[in-house]
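Asks: This is what each chain is made of:
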Amino acid sequence: MEQKDKPILLDVDGLSVSFATDRGPVRAVSDVSFRVHEGEILSIVGESGSGKSVTLLSLLGLHDRKTTQVQGAVSFRGQHLLDLPASRMRAIRGKEIGLISQDPMTALTPVYTIGWQIAEQIRAHEAISARAARKRAIELLGEVGLSNPGEAVDRYPHQLSGGMRQRAVIAMALSCNPALLVADEPTTALDVTVQAQVLDLILRLRKDFGSAIILITHDMGVVAEVADEVAVMYAGRIVERGRTEQLFSAPMHPYTWGLMASIPPLSGARLPRLRSIPGMPPTPETIPPGCGFAPRCAFVQPACAEPPPLHRAGDQAALCIIDDTERPALRRAALPLEETP
Amino acid sequence: MSAETSAATPLLSARTLTKNFTVGKTLKPGSGRTLHAVDAISLDVYPAETLGLVGESGSGKSTLGRCLTRLYDITSGQLTFDGADITKAGTAALKPVRRKMQMIFQDPSASLNPRRRIRDMLAEVLRVHSIREGAAVNARLEELMELVGLRREYLDRYPHEFSGGQRQRIGIARALAVEPKLIVADEPVSALDVSVQAQVVNLFGDLREKLNLTYVFIAHDLAVVRHVSTRVAVMYLGSIVETGETEALYSRPHHPYTEALLSAIPQPHNRGRRERILLQGEIPSPLSPPAGCKFSSRCPYARDICREVRPPLTAIASGREVACHFPLE
Amino acid sequence: MVFAVLQRIGQMIFVMFGISALVFLIFFATPGSDPAARLAGRNASPETVEAVRKEFGFDRPLPVQYAIMMKRLFITQDLTSFVNRGYKIVPAVASAAPVTLSLVAGAAILWLIGGVFVGVVAALTRDSWIDRGLMALALIGVSMPVYWLGEVMNLVTQSRFHDTWLFSWVPALGYKPLLVDPVGWFKTLIIPWFTLAVLYIGIYGRVLRANLVEAYQEDFIRTARAKGLSPARVMIRHALRTSLIPFVTMFGLDFGVLVGGAALLTEVVFSLNGVGRLTYQALLNLDLPMILGTVMYASFFVVLANALVDVVYVLIDPRVRAD
Chain F
2 MEQKDKPILL
12 DVDGLSVSFA
22 TDRGPVRAVS
32 DVSFRVHEGE
42 ILSIVGESGS
52 GKSVTLLSLL
62 GLHDRKTTQV
72 QGAVSFRGQH
82 LLDLPASRMR
92 AIRGKEIGLI
102 SQDPMTALTP
112 VYTIGWQIAE
122 QIRAHEAISA
132 RAARKRAIEL
142 LGEVGLSNPG
152 EAVDRYPHQL
162 SGGMRQRAVI
172 AMALSCNPAL
182 LVADEPTTAL
192 DVTVQAQVLD
202 LILRLRKDFG
212 SAIILITHDM
222 GVVAEVADEV
232 AVMYAGRIVE
242 RGRTEQLFSA
252 PMHPYTWGLM
262 ASIPPLSGAR
272 LPRLRSIPGM
282 PPTPETIPPG
292 CGFAPRCAFV
302 QPACAEPPPL
312 HRAGDQAALC
322 IIDDTERPAL
332 RRAALPLEET
342 P
Chain V
10 MSAETSAATP
20 LLSARTLTKN
30 FTVGKTLKPG
40 SGRTLHAVDA
50 ISLDVYPAET
60 LGLVGESGSG
70 KSTLGRCLTR
80 LYDITSGQLT
90 FDGADITKAG
100 TAALKPVRRK
110 MQMIFQDPSA
120 SLNPRRRIRD
130 MLAEVLRVHS
140 IREGAAVNAR
150 LEELMELVGL
160 RREYLDRYPH
170 EFSGGQRQRI
180 GIARALAVEP
190 KLIVADEPVS
200 ALDVSVQAQV
210 VNLFGDLREK
220 LNLTYVFIAH
230 DLAVVRHVST
240 RVAVMYLGSI
250 VETGETEALY
260 SRPHHPYTEA
270 LLSAIPQPHN
280 RGRRERILLQ
290 GEIPSPLSPP
300 AGCKFSSRCP
310 YARDICREVR
320 PPLTAIASGR
330 EVACHFPLE
Chain G
4 MVFAVLQRIG
14 QMIFVMFGIS
24 ALVFLIFFAT
34 PGSDPAARLA
44 GRNASPETVE
54 AVRKEFGFDR
64 PLPVQYAIMM
74 KRLFITQDLT
84 SFVNRGYKIV
94 PAVASAAPVT
104 LSLVAGAAIL
114 WLIGGVFVGV
124 VAALTRDSWI
134 DRGLMALALI
144 GVSMPVYWLG
154 EVMNLVTQSR
164 FHDTWLFSWV
174 PALGYKPLLV
184 DPVGWFKTLI
194 IPWFTLAVLY
204 IGIYGRVLRA
214 NLVEAYQEDF
224 IRTARAKGLS
234 PARVMIRHAL
244 RTSLIPFVTM
254 FGLDFGVLVG
264 GAALLTEVVF
274 SLNGVGRLTY
284 QALLNLDLPM
294 ILGTVMYASF
304 FVVLANALVD
314 VVYVLIDPRV
324 RAD
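Residue numbers (this note's numbering), protein chains in the order written: chain F, 2 to 342; chain V, 10 to 338; chain G, 4 to 326.
Hints were generated in silico from the structure; no laboratory data involved. This structure is a prediction, so every number in the text was calculated from the model and none was measured. Possibly wrong hints are sitting among the right ones.
[To be verified] Chain G side only, calculated, beta carbon under 10 Å to chain F, not exhaustive:
hint, residue
1, Arg56
2, Lys57
3, Asp130
4, Ile224
5, Ala229
6, Ile239
7, His241
8, Leu247
9, Arg324
Note that the Cβ used here is the ideal one computed from N, Cα and C, for glycine as well.
Build the full structure now, drawing on both the sequences and the hints.
Replies: The structure is reproduced here in structure tokens:
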């Protein structure tokens with residue numbers, strides 16, 4: 002794989018995040034490790050409460066320091082982000098790491114024009130005149146496909162449609178040519194046809210700007226279309242990770258199977274029933290000590306009360322007791338409609 | 010119309026149903042503009058079918074749902090339900106209609122009183138419509154809980170003690186309490202996590218079998234609609250652009266918008282193998298829809314006539330209608 | 004734009020008409036009360052009562068009475084007090100207005116600065132001892148009745164410590180016109196300003212803190228932080244700027260009501276002959292024309308303040324601007 006030859010941009014090792022609550026500390030993210038190579042798209046998939054957004058906010062130092070405790074090591078271009086003083090972290094945020102938020106309706110400050118907000122970010126990191134920053138903002142808005150950037154730059158967020166706002170948010174995240182873009186559910190709030198446009202834009206930008214992207218989403222379809230690498234999160238842990246093609250053609254973890262089987266197909270025969278996962282995802286307070294998925298898993302064994310081992314198959318790995326010999330049969334039972342292309 | 014459906018009488022029937030809203034009205038004479046949220050839609054819902062209503066934001070699908078259940082007053086047109094004209098029915102006349110037609114919403118927690126137990130809330134519904142008396146009430150409540158897959162002990166809990174999926178089940182139980190024939194469900198699963206969404210989708214299917222229900226299922230998720238619906242209507246800017254039996258419509262869309270919509274959905278099985286039709290721009294404001302065909306401003310195949318003459322919804326095959334001058338083959 | 008202004012003026016006239024009619028009806032059309040008899044005094048002869056009735060037109064139909072009253076109040080401006088015969092209403096209100104305006108405007112500047120300071124510092128140091136201390140002080144400020152605080156201030160500055168270096172500059176109670184004696188104006192008002200402002204600093208500080216804490220939950224604050232902005236810039240340019248919108252509404256209403264006479268207790272305690280004091284005395288004496296005059300004046304300012312809030316809204320919130 003050519004990606005493997007590229008240098009590592011971000012290396013997260015053993016990241017754990019706990020919140021202080023009235024009933025003592027609650028662990029929302031446990032022992033999460035992943036790497037992002039330069040120019041690569043890593044997708045973190047999970048349902049609400051899986052810890053995917055928490056992981057991302059603590060990487061950026063955007064968590065509430067009073068109530069949140071972050072452990073582990075995060076190395077970005079050789080700098081240990083978790084140990085950096087706040088002022089050094091600020092210099093990295095927005096300049097080397099850009100954030101794209103989920104809901105473009107609320108991600109922009111309502112009382113300033115989008116040009117002002119983009120220029121504000123540029124001027125926070127570069128000594129540049131207001132006029133030059135504005136000119137850059139117009140160029141960026143053109144880059145992200147706004148049809149009339151010279152006019153859009155003076156618009157307020159409420160005067161733009163959802164898709165245009167998300168483009169503006171992306172333009173802002175790109176404004177300082179970041180090496181890493183972090184996108185938290187960037188298309189969830191958008192209509193399908195607009196989502197297609199924005200995904201296309203993200204792929205094009207990766208090509209043009211060469212930024213690596215961490216894409217957080219709950220939508221397996223989005224993952225399949227854009228990601229190079231996938232990490233599936235459940236109950237605060239990465240339960241499976243691997244290259245996208247492998248993960249979709251031979252998923253290893255029962256949760257991944259369940260997630261894929263829960264999505265009704267758009268083509269082929271219609272199923273009489275969907276294969277759903279019984280129960281519901283746990284909240285951080287109710288994550289069981291052993292395997293987090295055990296209470297909902299169809300293949301649960303007594304051994305699942307203990308922390309599950311990590312099984313590897315090439316670049317792919319899963320936190321599950323099921324071993325390589327029994328896995329294919331169980332997978333066929335869980336995912337009967339698995340297509341063989 | 011296909012042979013079997015044309016023989017049946019529709020349960021719910023809308024003719025040139027229109028719902029306008031006035032926006033930006035001030036004291037100034039002539040101010041305010043008319044928003045045609047539902048623009049002269051004609052539509053039939055047949056007994057025991059599930060009609061999927063799909064569209065993006067601004068398509069008017071939710072407004073149409075609320076007009077069909079008469080939660081909204083109708084601006085013009087005609088609406089018949091179970092043989093009776095309910096276009097102008099008042100509160101009293103609607104009470105018996107509400108027993109036969111119920112609505113389920115996207116966010117059930119907004120419609121659950123946080124200070125009332127599930128038991129009291131459901132019992133009230135039974136009492137208002139005088140459906141059960143005395144001890145039969147409790148038996149019915151337990152039956153309802155069983156129907157929607159909740160434990161009967163949950164009757165004595167408060168809404169905040171439930172998860173999103175469970176709350177949606179309670180919303181369904183409340184709709185079922187009056188033993189309706191027709192349920193209009195507005196985005197009932199879109200707020201739920203994928204794994205829980207599949208459970209609720211299955212519940213809809215089970216209930217249809219068990220209780221012989223008819224659904225109007227409104228959603229933006231085309232995969233879910235394909236799974237639950239027998240027939241689908243695609244909406245764009247307040248109009249229906251295409252209707253058809255589910256499999257036929259999904260496998261061979263005749264309207265360019267349906268085609269683009271289907272191709273826009275990211276699919277796990279289609280990585281790198283699919284030609285996506287990228288529509289330019291976004292849905293125009295319903296305040297100023299394009300002249301002629303409403304989709305003409307984004308349609309890759311639009312010609313001059315499309316920008317001048319609005320195509321009517323016309324039957325082009327059995328059970329298949331499309332509003333396009335140049336329907337796709 | 005022109006239409007919006009006209010519409011606003013139309014609303015103002017309508018509100019003032021409604022209020023004046025209501026006040027008029029309460030005092031002049033309540034069954035069992037004969038304004039002429041009350042005017043004429045307790046032991047007046049029927050002839051005197053009749054004469055008074057003629058003079059004020061109380062024998063004519065109600066709408067005519069109302070019209071006469073309004074004409075004398077606004078057009079000829081010669082409506083006189085019932086209690087102090089010959090004392091004209093309009094000049095009395097006009098001379099009291101600058102006193103109230105001076106008091107309220109000065110206090111408003113103090114409380115805006117103080118409220119923003121308390122709110123911002125408390126929100127920045129949320130849940131620390133600074134935050135708790137400020138909130139406790141704010142609560143004390145809100146809980147101290149203004150007449151009590153005023154008397155204490157008077158006690159301290161006018162008698163107990165008046166002879167010390169600290170308060171020897173404080174002049175005797177009363178009002179000095181701004182144009183005649185600017186320094187005296189400032190000196191006499193500084194203690195009343197402070198007294199009136201304490202309550203509002205407490206209220207505004209607490210409200211602003213709550214607004215700011217809420218604003219920090221918003222996505223756009225997360226965006227601002229993710230942009231790498233400094234905490235001060237995130238607070239001032241993003242959180243404070245958007246929290247100002249509810250703040251302005253509150254300020255407009257409070258300011259309008261106070262200028263309209265609600266600063267009555269402060270005026271009484273510091274012997275300032277403002278509109279509040281005028282209203283208070285008119286109410287004590289049931290001086291109907293004076294009550295009518297001051298109520299009209301108050302409603303004018305409340306409506307005006309609301310109109311100004313709307314204008315400021317357009318300036319600070321682009322979302323209410325017409326496209």
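Asks: If a hint holds in the structure, say so; if it does not, say that too.
Replies: Checked hints:
{"no.": "1", "hint": "Arg56", "in the structure": "violated, 60 Å"}
{"no.": "2", "hint": "Lys57", "in the structure": "violated, 62 Å"}
{"no.": "3", "hint": "Asp130", "in the structure": "holds, 7 Å"}
{"no.": "4", "hint": "Ile224", "in the structure": "holds, 8 Å"}
{"no.": "5", "hint": "Ala229", "in the structure": "holds, 4 Å"}
{"no.": "6", "hint": "Ile239", "in the structure": "violated, 12 Å"}
{"no.": "7", "hint": "His241", "in the structure": "holds, 5 Å"}
{"no.": "8", "hint": "Leu247", "in the structure": "holds, 9 Å"}
{"no.": "9", "hint": "Arg324", "in the structure": "holds, 8 Å"}
Comparing the model with each earlier hint shows violations of hints 1, 2, 6; every other hint is respected.
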